[in-house]
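Participant: Full structure from sequences and hints, please.
Numbering-wise (the UniProt record's numbering), the sequence shown opens with residue 1 and increments by one.
Source of the hints: derived by calculation from the structure; they are not laboratory data.
Treat the hints with caution; some may be incorrect.
As the list claims (entries may be wrong) - SDA-like mimics (lysine to any residue), calculated; alpha carbons at most 25 Å apart, straight line:
| id | residue 1 | residue 2 |
| --- | --- | --- |
| 1 | K187 | S74 |
| 2 | K187 | L225 |
| 3 | K526 | C584 |
| 4 | K458 | F599 |
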Amino acid sequence: MHKRKISSNFIKVIISFVLVFLFFVGTYVLYIQKQVEEKERILDFNIDTSEEYGNNKGCEISIVQDFTSNKPLSGVRLSISSNQHKNVKITILNKDNSDVVYEGKVNTATITGNELGIDFSNYNMEGKNYHYSIIIDYINSRNNIACFLGSKYNQYPNGGLDVNGEVQEGDLSFKLITKNNNQEILKWYFALGCFVIVILIIAAIVFLQKANWKTENIFLIFALLFGVIYMIIMPVNSAPDSIVHSVSTYHYSNVLLGIKDDTKANKIFMRTEDVSMQNLYDKQPDVADYQKLIYFAQRQERNTELTEVETDGVAKFPLLYLPGIVGITIARLANLKTIYLILFGEFCNLLAYIILVYLSIKIIPWGRGALFVAGLSPMALSLGASFSYDAVLIGLSWLFLSMVLEYAYTEKRKLTKRNIILLFIVMLFLIPQKAVYCLFALLPLLISVNKTIKEPRKWCVLCIGMLICAAVVCLLYNLATVVAISGDSVEYSSEQIITYSVNGILKNPIKILLIFFNTTMLNAFKYIKDMFGYTLGWWDFNVNEMLIICILLVFLLSCVTDFEESCGIKKVSCWHIFLLLGVCAGIYGLVALSMMLSFTPENYVVIAGIQGRYFLPLIPLIMVLLSRLFLKKKIRLHLNLMYLNVVLQCLVIIDITQNTLTR
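Facilitator: The following block contains the structure:
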């Protein structure tokens, strides 16, 4: 019987290897091979935000852009538009020998899509670095000429832009075109394939030796492996609100190092070489991002002098940024280059997330397999492998809820004063950071069923006191926001739109309820998919929907097939279910309300801005509800499901990588 079981498990492992291999090869044939056959590709993405460079007096505009490329170019694509159709003379010089690489005239009326392609693939260059000048002479006899050519970002630190002899802060907005390096794409894709094979071999060893491994230890191994992959395939700016997160982390690193920033003016000090952190990657990643990573790691020019830069603002509270702050500070003290500073900061954030989830899985009385699946979901790992504070927030939420469930439902678990203080501290760390999760403070009421509590009424009074303290701290943390939304309407500054307000909601309660209903009916399944990673950050492509649905099914099966013998699931009474449902529904309502007040225009009939990641902290509560309502038999499927989840994660990273490499 034992040999038959081993044989059956071995067959499952072989099938999983074949499945991943077929997916890997199929992805190559359908997507990667087409990209490899392309003769040219975009080396660098332009910045979309353009400045208006013009001359209201008429006459001429002469624009000169110097830049350096570490790749031989075959052309450029200028982002150019004008309010009048006139001729433009464009000259491209090789600054090293003053050769004319390209010279020609174009009428702006003939430009399609505001993008002018210039080909100079016949010009041969040799060397490691290539220094160019783009000269644009825009001649017009009429007044009020304006051409949109620039960017407010300094994309090329080793170059410069001047208009009519005046030096500009930004650079031209253009794309660099180079001959396609087939080996570059193949190298990255097959390197990923080798890494996936290593992960599958480790997973197979764990699966075939199932009796010797604890769930939390298995999570620790695969979270580190997958987390490192996500650090590489998830560029810095692809995480939600990534600029604010990275800049905030850098600011609080300055605080640790005794450097004073002018945060009221939205300015902070950064090492000159680190200014590129705000603009190192495009939000929509492509193969050029991998090249940038290597370039910055190998050949970035060092400049550690401090310079003051403008930012989009700094987060007020540093607690959730603490791992990244420590990482960046250590990297700065060690004088690491920008790319290593970024990666080390992200790695510290990832470690904090992994440790918090590890403790949660270890503590929670049942449903460890379900928490394992959620902890390795693409959404959770992508947040963990970034500067986003959501990773620490999710980990703290799961730890707090796991502690509550352990004290409430684990038999013979004594609730000491030390445990109460520890629970209260975790709650105070968690709740003020995100006001929408304030209802978590109600959950310690569940602990009243613990037999070591001799007077449940006193415990309930203590819980109410804890709730009041949490509410006061939460209110103080978010006082400015409360004042801002208390008027008749709110102008959302970043978009200059009028959103709903508290007074407006109170005046039209029926309309608001209909909007909530419409939002839930239309987007509920989307929120569930996004919670597990269907949409990652600001990317313009989605993870394969079937893979996300499979991960979701594995999570559901992990909830309803539990193997723990003394998990205490039967102790979850009806009023406990009612409380859990109320907390989940209340948090959903608060999330929707916050997005309505801060992000939804008054004329919308569906709430805008809600993202699935906002509901990841609820995973332990969802798991408890599913287990209590649907768990009928104890089936030992936990390791099978965990192994299947690892296989699905391998398929997900292959899918993400092909999307990135084939852009």
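Participant: Confirm or reject each hint.
Facilitator: Outcome of the hint check:
1. As the CA atoms of K187 and S74 are separated by approximately 22 Å, the hinted pair is consistent with the 25 Å bound.
2. This hinted pair checks out: K187 and L225 have alpha carbons roughly 20 Å apart, not beyond 25 Å.
3. Among the hinted pairs, K526 with C584 is consistent with the structure: their alpha-carbon atoms are about 17 Å apart, no more than 25 Å.
4. Between K458 and F599, the direct Cα distance comes to roughly 42 Å. Violation of the 25 Å bound is thereby established for this hinted pair.
Figure legend: structure checked against the earlier numbered hints; the only hint not met is number 4.
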